[in-house]
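Given next are the chains, with one letter for each unit.
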Amino acid sequence: MNIIIDVQTLYTDEKARGIGIFTANWLNGIRDNNDYNIHFMRINNNKWEFIANDSAESLQNILYGSLGKWKIVDTITQFCFDNDIDLMIFTSPLMPNIQLPLEELPCKKGYIVYDLIPLVLPDKYVNNWPIQIKEDYYTKLNIINKGDLILTISNATKNDLMNHLSIPSEKIFVIYLSIKDFFRPIDKKKAKGELEKSRGLTSPFIFSITGYDPRKNNKGLIKALSLLSKEFQDLKLVILGIKKPNDEEFMQYARSLNVNDKIVFLDYVSDEMLVTIYNACDIFVFPSEYEGFGIPILEAFKTGAPVITSNVSSMPEIAADGAALLVDPSKTEQIAEAIQKILTDDSLRNSLIERGFKRSNNFSWRNVKKETLIAFDFIKNKNCLLEICEKPKLAFFSPLNPQQSGISDYSEELLPYLSKYFEIHLFVSGFVPSNTFIKNNYPIHDFSDKTTLKILDDFPLRLYQIGNNELHYPIYEALKQYPGIIVLHDYNLFGFFLHLTHLRNKSSEFIEEMEYAHDKEGRIAAEKIIHEGIFPDVMSFPINKRMVDCSKGVIVHSEWSKKELLKNINCKMPIIKIPQAVPLQKLPTISDKKRIKSSLNLSEVDFIIGVFGNVTWNKRLHAIINSFCRLLQTHPNSKLIIIGNCSKDMHTELNILIKQNKVDNNVRVTGGIDFDTFNDYIKISDICINLRWPTMGETSATLLRAISFGIPSIVSNVGSYKEYPDDFCWKVDPDEYEEDILLAYLFHMASNQALREVMGQYAHSYAKRELSLAEAAEKYARALYYSYKNFAR
Amino acid sequence: MKIGIVTPWFGEKVAGGAERYAGGLARAFSNLNLQVEVITTCGEDSFSGWDHNYYKEGVCEESGIIVRRFGLRKRNRAVYDKCFGSLIQHKNISYVEELQLQHETINSDSMYKFIQENCSDYVFLFIPYYYGTFVWGAQIVPKRSFLIPCLHDEEIAYFKLMRDVFTQSCGCIFNTEEERELAKKIYDLDEEFGVVTGVGVELDYVGEAEAFRRKYGIKDTYILYVGRKVDGKNVPMLISLFKTLKHNDPDNSIKLVLIGKGEISDNLKHPDVIDLGELDEKEKLDGIAGALVLCQPSVMESFSLVIMEAWLSGVPVLVNSESNITVSHVKKSQGGLTFNCYQTFVDAITQFINSPESRTKMAEKGHQYVTQNYNWQTVTSKILKLIRSRGFNI
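Going line by line, the protein sequences match chains B and X.
Just so you know, our numbering puts 138 at position 138 of the first sequence, and the rest follows in order with no gaps.
Just so you know, our numbering puts 1276 at position 276 of the second sequence, and the rest follows in order with no gaps.
Hint data in this document are derived by calculation from the structure and do not stem from the laboratory.
No experiment lies behind these values; they were computed from the predicted model shown.
The beta carbon of each residue, even a glycine, is placed where N, CA and C say it ideally should be.
Just so you know, not all the hints are guaranteed correct.
Pair by pair, the computed Cβ-Cβ distance ranges are [said to hold, decoys possible]:
(1) B:Val758 x X:Gly1232: 36 to 46 Å
(2) B:Asp735 x X:Glu1192: 52 to 62 Å
(3) B:Asn661 x X:Thr1167: 28 to 38 Å
(4) B:Lys586 x X:Lys1002: 26 to 36 Å
(5) B:Asn601 x X:Lys1002: 19 to 29 Å
(6) X:Glu1062 x B:Val758: 53 to 63 Å
(7) X:Ser1328 x B:Lys586: 54 to 64 Å
(8) X:Lys1002 x B:Val758: 16 to 26 Å
(9) B:Glu723 x X:Ser1389: 35 to 45 Å
(10) X:Thr1167 x B:Ile673: 54 to 64 Å
(11) X:His1247 x B:Asp735: 42 to 52 Å
(12) X:Ser1389 x B:Pro185: 27 to 37 Å
(13) X:Thr1167 x B:Glu477: 32 to 42 Å
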């Protein structure tokens, strides 16, 4: 599971205080778990930044010593899509200086909530706050309310979350807190002596950690002291946590009760001194009116101080099992009485110390980690990304068989997996799908009658498969009318737009399209094409801007396409990479190959080089045939098989080339063939060549099919082809050395069967790992879900 | 786990140093009770057609060693000649030509299939570097392949293809420190990549000079050359130097005796150059025992076994000072002299004739050098240490 943890807290003043210390300890507990791949997130100069966790590195070094290594992103959404983030955790969402992303994110959201005190005690807090802060707080509560997971630190706070925000119980996980081992019992006499020496504090004294906040009940405590001042004339009260001059208010109150000489205010002490004070005190009193947890109670338990605390909110829960005397914080007599009991009853005192210490053992970092991981597993086990009771309707636009296209095959293979998440309706223009499964399992709407498209008003989700041929014209028209998410199979739709406009006598529209995509330069290039027949380097004039602008989200199949789009188009929505997927095939056995070869009239000993897919010159057929002829000099058993749709003209030209080179007996051009025979040719290929230049940034479905059959490949070292591992996919630059390098590769592969087998195994495992249709469908669901949440309303 | 020693040719008749090394090593491993096989082709030797099957395909036992022979692949001689022609004319040859050249040397598809299908039972030692069996064989399972290249400083050693073979394999076994330095220089190999083991040289027969003289009617003092009579070994140069000596000193009765395969061109022939052709092992050692000096003019030696045999037979050597490897042997042992021109050649011969005591002392020092450094026990233990260090349990 991939998790982002927001660490803004650790860049605020809280870093050295309770929440900051907890956050750092909590992170250290969970970040060494291999099941979770963690990224940290912070905000810096108004930009979100990310860094990957490195378990071998200290948290300190990662967060504060990784200058320049933080990745700045434009949107969190893009980062989530790029890294397949499942869960994002905000560690202190309600703190005023912590920002929460307002946009809908394509992942689960979790929040650590320490308390809801401002909401529970509105008259003391939110009702008195400036309007802006109040609104901000409520906005954050709303965001938290929609969260998928809440981690909180006591059942009391869990109840508050349920009662005040109506958050369902099952989403809330109590992880409790822990403290440093540093808090421990030491020699009491020594502690007392040290305190007297360094601070002039003499026993007996009551110790309390409070703060200026009225909720902390300082006055109640001072009043309780005053009630005991006659009986215990030497008794003092030491209050830690109130900064000067705020202590003056309480001192004045003490004066009014004539106990001002018995009170000592400390605003800050070191950890060592704190442990000394806990150990030296006679009683620790924590009479707060409301807490989310009450860390000082735990500290007192650990250091062996007898504790008196309130019987409200989280405090009785933390001090359960009779570990402390519980009092009503609003009743000072009860506080005084409890103090008096402990001061006069040694056995009670000792019993409280013992039970407190025992109770403290329930709160360990190990437990915090364990409970957190249980909460993460809760998210992990929600295997369906969508928590929508009914599957949303999805309008699916794509060529389908009998329309011959790699995208037809792709869609038909993807649809059954996508059905897990959506109620899918297929939209076709003027044909009936030939695939029986598809025909029988999906509602089909023929939108050649444009009025049919009106029903799209009822489809919040629309997915358009976009390729570079005429089959996509009607799809494009529908997209313009009813925007949705597009799957850009080719980065550059130059051919598509050229055919749609200029070659259909709509040259002015072509000029317009080029200008839309490339401003003035585009117009000039388009005019040259139209008026002079001079084509520019089409790769320098990618056309896709209009298509992207029409859409509500873009899915591409390669990192290359994604980067090019991000670079060239000012795109507001995320560009989502979903690797093109294919069904995983079984590796063909030797006997399979023998049988198929025989049925295809090929000899068992023939070394088969396959070139698959539509036959076009940009597949570098000249280079392939020239290299192949040279290979034949040393490897006469080689056969070159060119399989796929081939125009008549293309076929004629190819035949001339083959005859000129006198390799008729070793080259076969099949033309368009049925799908099964096509797959048979892949199965018997020893290697597959899939060169491409110029490229439109496409992903080759036939290459992926070959990879899934475990066939080693040679591809052009361009565009998306570069992304396939060298382990099974060797790369050739389309330059002056292309033929020589291709021949050298062919030579090695032809001469080394062991090499081909190893490459084949790598290819097959890659397909298993990276090209899974089920995973692709899940990514589609995530992308569409995101789109649904953002645009459906 | 078996040790498979892969060599292009193997048999009693094969006189090449590398091939004889393969046999010696196989016997030495066998003596240690290790499972060892020689994996070779059906070819006769480097002089016979490289696609002509002389031996029958199959497994047999030769001199106590299991030998697997595999049929040879047909060659496209035209492609080979074109590429080799470019090579000997020192033209730049492309990577593709390197591949083509190696593809058309000596290769056996059935041997490669055997290596691939049975690789899990073996570690392979490929020897020597020059041929297809080394280049293609070692690329099949590089992670189980060790190289005994017997490397020379020549064009083929600088092939990019050769670099691939060296850098992908498990490690190298070198005959000499100089050979290792050469490999390191050409292929940027790490220090740890290989070991220098030397070659085991042990004679189980002491040559009889008189028997040799009697059989071939040689009464006079003679300089001896043993090896293939090819240009690459500088044999024509040696004959020319000898002929000049005879021309300058016609009364000198000294002879030059040549033992080994190959022809010498007519223009090099001379009444005092006695070419005995290929002799069996015993006669060769008889010939060495009777020589004034064994001359090794070649600079293409990775070790030079015959020098060691001369020393073990009580004969000093004369080597070409251009050869780092043979010069190193001579310097370290003080078992002979070097020459770099006609004058130094003549001076050396004169010294051997006129100072029999110093000649005998050199021979003794050479003998000591061989027995101390080049015995099979040392060689096999170093090779086994390397193989084991790569995780193979032998």
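Status of each hint after checking the structure:
{"no.": "1", "hint": "B:Val758 x X:Gly1232: 36 to 46 Å", "verdict": "holds, 37 Å"}
{"no.": "2", "hint": "B:Asp735 x X:Glu1192: 52 to 62 Å", "verdict": "violated, 37 Å"}
{"no.": "3", "hint": "B:Asn661 x X:Thr1167: 28 to 38 Å", "verdict": "holds, 36 Å"}
{"no.": "4", "hint": "B:Lys586 x X:Lys1002: 26 to 36 Å", "verdict": "holds, 34 Å"}
{"no.": "5", "hint": "B:Asn601 x X:Lys1002: 19 to 29 Å", "verdict": "violated, 42 Å"}
{"no.": "6", "hint": "X:Glu1062 x B:Val758: 53 to 63 Å", "verdict": "violated, 34 Å"}
{"no.": "7", "hint": "X:Ser1328 x B:Lys586: 54 to 64 Å", "verdict": "holds, 59 Å"}
{"no.": "8", "hint": "X:Lys1002 x B:Val758: 16 to 26 Å", "verdict": "holds, 22 Å"}
{"no.": "9", "hint": "B:Glu723 x X:Ser1389: 35 to 45 Å", "verdict": "holds, 38 Å"}
{"no.": "10", "hint": "X:Thr1167 x B:Ile673: 54 to 64 Å", "verdict": "violated, 43 Å"}
{"no.": "11", "hint": "X:His1247 x B:Asp735: 42 to 52 Å", "verdict": "violated, 60 Å"}
{"no.": "12", "hint": "X:Ser1389 x B:Pro185: 27 to 37 Å", "verdict": "violated, 57 Å"}
{"no.": "13", "hint": "X:Thr1167 x B:Glu477: 32 to 42 Å", "verdict": "violated, 58 Å"}
Going down the numbered hints, you'll see the structure goes against 2, 5, 6, 10, 11, 12, 13, while the others check out.
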